[in-house]
Amino acid sequence: MQINKFLLIGVLCTYVISLHAQTPTSAITGHLKSTAGETVPAATVTLQKSQFWAVSDHRGNYRIKNVKPGSYSIRVKAMGFKTEEKNITVTAGQDLNLDFHLTESTEEMETVTINGRTLAQETNRQAFNVTAVDAKKLYNTTLDISGALDRVAGVRVRESGGVGSNFNLSLNGFSGNRIRFFIDGIPMDNFGSSFQINNIPINLADRVEVYKGVVPMWLGSDALGGAINIVTNDRYRNYIDASYSYGSFNTHRSVLNAAVTSEKGLTFQLNAFQNYSDNDYKVQVEASDPNTGVYAPEASLRRFHDKYHNETVIASIGLVGKKYADKLLLGFTAGKNYREIQTGARMTTVFGAWHTRGNILMPSLKYKKNNLIKGLDVTINANYNLGNERNIDTASRRYDWFGNYKSAGSNGESSGGKTLSKYRNNNGLATAMLNYRLRDNHSLALSNVFSTFTRKGHDDVNPTSTQFREPKKTRKNVLGLGYSYDLPNNWSATVFGKYLYQKNEAGTGPSDGNSLNRLGYGAALSYYAARNLQLKASYEFANRLPESNEVFGDLINLEGNASLRPEKSNNINLGINYGFTVSGSHHFYLNANAIYRKADDFIYSRFNLNQTKLTLDNRDGVRTVGGDLDIRYSYKQLLSAGTSVTYQYLTNLQRLEKDAEGNYTIPSNVYKDRMPNIPYFFGNSDVSVNLKNVLSKGNNLNVTYNLLYVHAFWLYWPSQGGRQAADGKREVPQQLSHDLNLVYTLAKGRYNVGLECKNLTDTPLYDNFSLQKPGRGFYLNLRYFIN
522 MQINKFLLIG VLCTYVISLH AQTPTSAITG HLKSTAGETV PAATVTLQKS QFWAVSDHRG
582 NYRIKNVKPG SYSIRVKAMG FKTEEKNITV TAGQDLNLDF HLTESTEEME TVTINGRTLA
642 QETNRQAFNV TAVDAKKLYN TTLDISGALD RVAGVRVRES GGVGSNFNLS LNGFSGNRIR
702 FFIDGIPMDN FGSSFQINNI PINLADRVEV YKGVVPMWLG SDALGGAINI VTNDRYRNYI
762 DASYSYGSFN THRSVLNAAV TSEKGLTFQL NAFQNYSDND YKVQVEASDP NTGVYAPEAS
822 LRRFHDKYHN ETVIASIGLV GKKYADKLLL GFTAGKNYRE IQTGARMTTV FGAWHTRGNI
882 LMPSLKYKKN NLIKGLDVTI NANYNLGNER NIDTASRRYD WFGNYKSAGS NGESSGGKTL
942 SKYRNNNGLA TAMLNYRLRD NHSLALSNVF STFTRKGHDD VNPTSTQFRE PKKTRKNVLG
1002 LGYSYDLPNN WSATVFGKYL YQKNEAGTGP SDGNSLNRLG YGAALSYYAA RNLQLKASYE
1062 FANRLPESNE VFGDLINLEG NASLRPEKSN NINLGINYGF TVSGSHHFYL NANAIYRKAD
1122 DFIYSRFNLN QTKLTLDNRD GVRTVGGDLD IRYSYKQLLS AGTSVTYQYL TNLQRLEKDA
1182 EGNYTIPSNV YKDRMPNIPY FFGNSDVSVN LKNVLSKGNN LNVTYNLLYV HAFWLYWPSQ
1242 GGRQAADGKR EVPQQLSHDL NLVYTLAKGR YNVGLECKNL TDTPLYDNFS LQKPGRGFYL
1302 NLRYFIN
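Each residue of the sequence shown is one higher than the one before, starting from 522 at the first, in the numbering used here.
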């Protein structure tokens, strides 16, 4: 009897469950954005008085599934925005699309604590091997973008001197033009010498994204080894952020960022900055007499011809938060720079009058609209640089390190003879990005980037110079198509393809140019094995077409090579992210990545025959194996510490070298050697202490220490002497640099005073052989911020 009762209850339960299962449920989906049109990630969307809720993803999309029919109140809460709430009715079997426009609230920023993720943290959760630097934490320092990047695992920024000097960013062993730079997803290839990452202040950025190896299709690039995307502080609110710093070597930096937006969506934005330095720091050098050529014993001498300054203004006006456009901006960028050239590729060659000038004059258009039609996001950008560059070398002199000189006859200081050239590297750019959400978790993306380069100029000293006899032109197009499936906090996958086309013209004849085209593809996968344990894998068959400065030269220190072949590489990344908390206050984070690169037709720089300039060649191949590790710890809001370490082994796979006739017939004696002149082991460590309410309530003191380590590396091929050379000058020595930074903030961040000491121990530092960087320097930084 009891058994029959249980059977009857079971049948009734099954019947009730089946009736319930037959009742159609619905899904609520939507897109969250600010009143300025920017997406809002990491927001909590809750159906009140129910167990249903969701968190918006990095695109601002949310989805609540299996909702029963009925009337509900839906609430959206996001850090820094006013809470929004609407009453809705859910109909059985009919999905509901509900978008929200959130209003910013500085009051909630000060009084509400929400356990969410920042945009930088959301970026790090992508399937790609990416690290996002939260630039806002560095606003009270004198760092530029390159200085912030130099603290990222896998990244090494090598500079030839002080402020404004030549730089070369290395990312997992790949450097130069293999790494592409973007600002808000727009390629910076045409920004000229006045707008580079080593003169852009960190205050211009909201975050800096570093993509290692595999580059997302939406960036629209032919990068071979990675990409840097500078995401600007583009929040369209009413604010002023101004700072000024002064320090050693007569260094001045100023930054002004401001915006004003009306209630009707009319906005005006201004970004302006300047850098100035005499760069007159001391270097250890053996000075030669310009008359006899005899070298004096090594002495500490001051650089006397290394002044640099640049000034840049970026102004935009337009509309935000409209039905037809989340953002529609017309802008203009104007800037100029002046750089004195102190040395050649090595410090044994010294100059006393040679200098360059350049400017940027660039109109621009930016348009963005999410859900132009349901599920379709559109982004369009265009700009054209009308600026010019000047190379002035008219002094018939030979200088030494004491500032003495002798007459050089009719020649200039550089090996190429006198020059007074003015030329336009005019670059145009047009980009389009379409992203269509097929369903809640499926999206299809199409991107196209078209760029054009034209060099025209003249040399008043050499009017018949072949460098300007015919215009130099390049046309490039990168077309990309990608598909993504994203199940938030579970797994995601992306596959993509790229088609590259380029045409180079160095004259008007049919044989004065060439055309190149390549096809690339890749995939990225992310899986959450546990809530805080993310596994990543990505692969790309990447191609890179030679850049205009590689084909035509830069007219200063780089000789062009029109016969360069495109590079190609198989890039593989494996990564793991793991974070956990102990006792509620001790937070740990670990990020580890393994890399494999196999590059063919590797474009490699070397000294020319007289070692005064660099020239480029293709090598059969270079293989890179390595990895990087980033470990961080924080205790409440009091203490933060971290260490990043990078190791990479680059192997030369060139089997044959050129004979006297230029044919590859001689077996190479450096086959499978480690690639020279590339750092292979380096890292950073930092410790930061944040003290609240120092001297007065609302005033904070932050003390940060940073250590940079670079292991010694060979300048030449190891099998040809390496570091065992008799002269002892075959390596770039070990680098160990200490920096200290103190920041005192008043009135909850409105007033900020920073003190910095760079290279605390005054250690001789070299990123490139014999090219010494500045010694110990002290800097004062004053910043004012009002919102």
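Don't take each hint at face value.
To be verified - With a straight-line Cα cutoff of 30 Å, these simulated DSBU-like cross-link-like pairs (lysine-lysine) come out: (1) 586 x 857; (2) 994 x 603; (3) 977 x 994; (4) 857 x 658; (5) 658 x 1213.
It should be emphasised that the hints constitute simulated quantities derived from the structure, not laboratory data.
Here is what the structure says about each hint:
no.	hint	in the structure
1	586 x 857	violated, 55 Å
2	994 x 603	violated, 52 Å
3	977 x 994	holds, 9 Å
4	857 x 658	holds, 28 Å
5	658 x 1213	holds, 16 Å
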